[in-house]
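Turn these sequences into a full structure, and let the hints guide you.
Under my numbering, the first residue of the sequence shown is numbered 4, with each subsequent residue one higher.
The hints are simulated quantities; they were obtained by calculation from the structure and are not laboratory data. Quantities reported herein were computed from a predicted structural model and do not represent experimental measurements. The beta-carbon is built from N, C-alpha and C at its ideal position, and this holds for glycine as well. Certain hints may be false.
Unchecked claim - Here are the computed distance ranges between Cβ atoms for each label pair:
| # | residue 1 | residue 2 | range |
| --- | --- | --- | --- |
| 1 | 466 | 600 | 31 to 41 Å |
| 2 | 451 | 504 | 42 to 52 Å |
| 3 | 635 | 56 | 53 to 63 Å |
| 4 | 635 | 604 | 22 to 32 Å |
What the hints assert, rightly or not - SDA-like mimics (lysine to any residue), calculated; alpha carbons at most 25 Å apart, straight line:
| # | residue 1 | residue 2 |
| --- | --- | --- |
| 5 | 404 | 307 |
| 6 | 625 | 697 |
| 7 | 655 | 554 |
| 8 | 655 | 771 |
| 9 | 404 | 304 |
| 10 | 312 | 236 |
| 11 | 602 | 672 |
| 12 | 312 | 625 |
| 13 | 762 | 672 |
| 14 | 344 | 296 |
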Amino acid sequence: MSWNNPLLTLILLAASAILSVPLTAQDYLNVSVRDSLTGESLPFANVQAAGRLLTTADGDGYFTLSDPLPDSIYISYVGYRRLVTATSTLGRGRRNEIRMAADADLPTVEVTLPADGYGPTAGVLTPSVTDLVRIPAVLGEVDLLKSLTLLPGISGGTEGTAALNIRGGNPNQTDLLVDGNRVYNINHVGGFLSAVPAFGTKSVTVYKGGVPGQYGGRLSGVVDIVLREGRRDQLAKTFTLGLGTAQAGLEGPVGSKGSFLVNGRYSYPTILYNLANSSVYRRNEKGDHQTVGMHDFVGKYGHQFGDHKLTLSALISGDDGYEQDDNDNRITSDDYRWGNKSFSLSHQYRTGRGGVWNTALQYLRYRYSFDARQYPRERPGIPTSTVQEALSSGLNDFSVKSEFSQPIGRILDLTTGIQLTRHVFRADVHNVYRFDTEEREYTRRIDQDTLEVAAYATADLRLLQDRLNLMVALRGSGLGGALPTALEPRLRVSYNVLPEVYLNASLDRHYQYIHQLTPEITLYPNELYLLSDERLPAERSDQVAGGIGGLHGSLQWSVEAFRKRLDNLARIRPGEEREENFIVQFPGNIIGSGEGRVKGLEFYVKRDAERFSYSLAYTLSKSERRYAEINEGDWFPFTFDRRHDLSATVSKALGEKWRANASFIYQTGYSFTVPIYTTAFFDVFGEYIGTRLTPLHLLNVSATKTWRGRKRDNRYHSLTFSIYNVYNRPNAYSAEIVPTSIWVVDPVTGSASEAASLKVVTLSLLPIVPGINYTVTIR
4 MSWNNPLLTL ILLAASAILS VPLTAQDYLN VSVRDSLTGE SLPFANVQAA
54 GRLLTTADGD GYFTLSDPLP DSIYISYVGY RRLVTATSTL GRGRRNEIRM
104 AADADLPTVE VTLPADGYGP TAGVLTPSVT DLVRIPAVLG EVDLLKSLTL
154 LPGISGGTEG TAALNIRGGN PNQTDLLVDG NRVYNINHVG GFLSAVPAFG
204 TKSVTVYKGG VPGQYGGRLS GVVDIVLREG RRDQLAKTFT LGLGTAQAGL
254 EGPVGSKGSF LVNGRYSYPT ILYNLANSSV YRRNEKGDHQ TVGMHDFVGK
304 YGHQFGDHKL TLSALISGDD GYEQDDNDNR ITSDDYRWGN KSFSLSHQYR
354 TGRGGVWNTA LQYLRYRYSF DARQYPRERP GIPTSTVQEA LSSGLNDFSV
404 KSEFSQPIGR ILDLTTGIQL TRHVFRADVH NVYRFDTEER EYTRRIDQDT
454 LEVAAYATAD LRLLQDRLNL MVALRGSGLG GALPTALEPR LRVSYNVLPE
504 VYLNASLDRH YQYIHQLTPE ITLYPNELYL LSDERLPAER SDQVAGGIGG
554 LHGSLQWSVE AFRKRLDNLA RIRPGEEREE NFIVQFPGNI IGSGEGRVKG
604 LEFYVKRDAE RFSYSLAYTL SKSERRYAEI NEGDWFPFTF DRRHDLSATV
654 SKALGEKWRA NASFIYQTGY SFTVPIYTTA FFDVFGEYIG TRLTPLHLLN
704 VSATKTWRGR KRDNRYHSLT FSIYNVYNRP NAYSAEIVPT SIWVVDPVTG
754 SASEAASLKV VTLSLLPIVP GINYTVTIR
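This is the structure in structure tokens:
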């Protein structure tokens, strides 16, 4: 071990500071904030005294105060009645529990985070789950991840995907965590839904900049989703039926110390189509057919015994489908399947001095398979040929993480930790070509197995009577089991120049050891994951950001500028992006040493009130890439460069039972390359990535009625009517270059000749889609 390593030195200093604090357990006041009915913890509740913010509860609803203590404190939380309590009624050196009552009698606890949950900064967003679930989606469904694309600096991929691109990055550069465990693919087929159901979600935190040291491994940002613990007061059942999905949830207590929550969802968007065409379909023989099935499951169990807490959580999601196309000459079929299985077991111990020790074991399995076949129709005298192309890829991540946090007085919180992750990646190709009596077979397998190591330290300081909030972090990471050598400094600062106006800035460096290679924009996750090596070193990003914002009662606003630099990017060579079996040409079709640059300006205004709320977000940005082997080494627009990204939401209560919601999205179309003319033997291309699809824009509306049963007052009902894409805009998700020909008549000779040409054909997915969704909760 090298004592000259600055990261290890910082961790040792932090640990020494924590262990040398002279205060005893009796000098600390430890409090847990929970919902008065359900017992669910309330994360990030504000604790104040004499008009000054003392501290904010952590993600589990805990906070710690040390001497000198005020005579009384009051605790506030969005959607709950403010609570005042005398500190003399709380016991020193033991865990105290404070219960807060909600303002309204809700069927289930709706955890909503205050806008300043992490201190005022535009780089860290804590949107309330209540606001996210109100945003209209397809068929009246609730989709938290798609709702996040209405925030500044966050955009979706294309129509037909649930991807999240943060500040000019691609979806693979966004770190999506569910209860601390990474999820690699969040899409259901066609972008109909994301793979994270809203039921059971406690909180969502988005880091666009100023990322704490405990997060790492991705370049552009973090989306941290925490599941609820389940009700502790009684058993509650929830059932939802819509035009596209059905789901059921169950939560409740387990003895006096535990609780659980489970929810399952299944989607059947093609069932009516298949019933109407079942008489003319026979697999691999005749008829057109399409079957799509999507499923999700989330579950969580928690048990509290004294100062120890044990938690087990799981996320399972997947797609399976079959598509058959019957034309005059042959039958083609695509059989596909993919999904995530994520499990996490964590142990938490809270010391008497306010320290928290978290240890977690995590496992993730992701699989994708695609089987394409062609069956020719037999015709007399014509040889037959059969094609089968099978691609499968997958990964297993085994991770262990240990982290210790300790408050030191009222101004400093220290966090140190280590994380080890074993990555096991594989990909297989098996192609069989039969031409009459001749058969050719091709098999290819790629295997990778290595260890990723990370250690980190984060210090959060509150200075100048809480007017200055400072986060300083250092993370070290490495691949192959060696000591972490790649250093990732992080900084976030916020300063209140006026009581309701703040300045903020952030600095970030990130390393990513996983390259995701995707052949084209497609409905299927036809990708290859590669671990960094000497040929394709770890990707790196550096970002600086700064801005101004304010909090004026229910009104929140911010303006922030950012600039980002990316290095060591990898991609598939141009001209080979549309090869479904691109692994056959690997590694010759992969190029690295790419660069990226992004700059942008974000504007955000939000009014958050129960009766009427609205938001307006606009991002002006430019994202470019450069490779020595492409476009003569010049910069070109990134595929998902969204020059203009505008979104707006409105939510209005109509009486006591009805609420109307609307959202509007406008995004610049994505870039691609088209030929400028064609010959009999080759195409001639113009500017690389020099053409854009038409802009994406759509309006979605919904109306929801909620009421409590009269005869059975333990039942709570919700009925939603929605219209997706109100004015039926054909938003393109992909473009194809289609060869055409026309006959040209010479005006002098009168002779006719055939002239070849090309035209761009765009493909769109979702027209105007009405939806109905009914939910009942029984408790």
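A quick look at each hint next to the structure:
1. 466 x 600: 31 to 41 Å: holds, 34 Å
2. 451 x 504: 42 to 52 Å: holds, 50 Å
3. 635 x 56: 53 to 63 Å: Holds: the Cβ-Cβ distance is about 56 Å, inside 53 to 63 Å.
4. 635 x 604: 22 to 32 Å: holds, 30 Å
5. 404 x 307: This hinted pair holds, its Cα atoms lying about 20 Å apart.
6. 625 x 697: holds, 17 Å
7. 655 x 554: holds, 21 Å
8. 655 x 771: holds, 23 Å
9. 404 x 304: holds, 19 Å
10. 312 x 236: OK: residue 312 and residue 236 at ~18 Å, within 25 Å.
11. 602 x 672: holds, 18 Å
12. 312 x 625: violated, 46 Å
13. 762 x 672: holds, 18 Å
14. 344 x 296: holds, 17 Å
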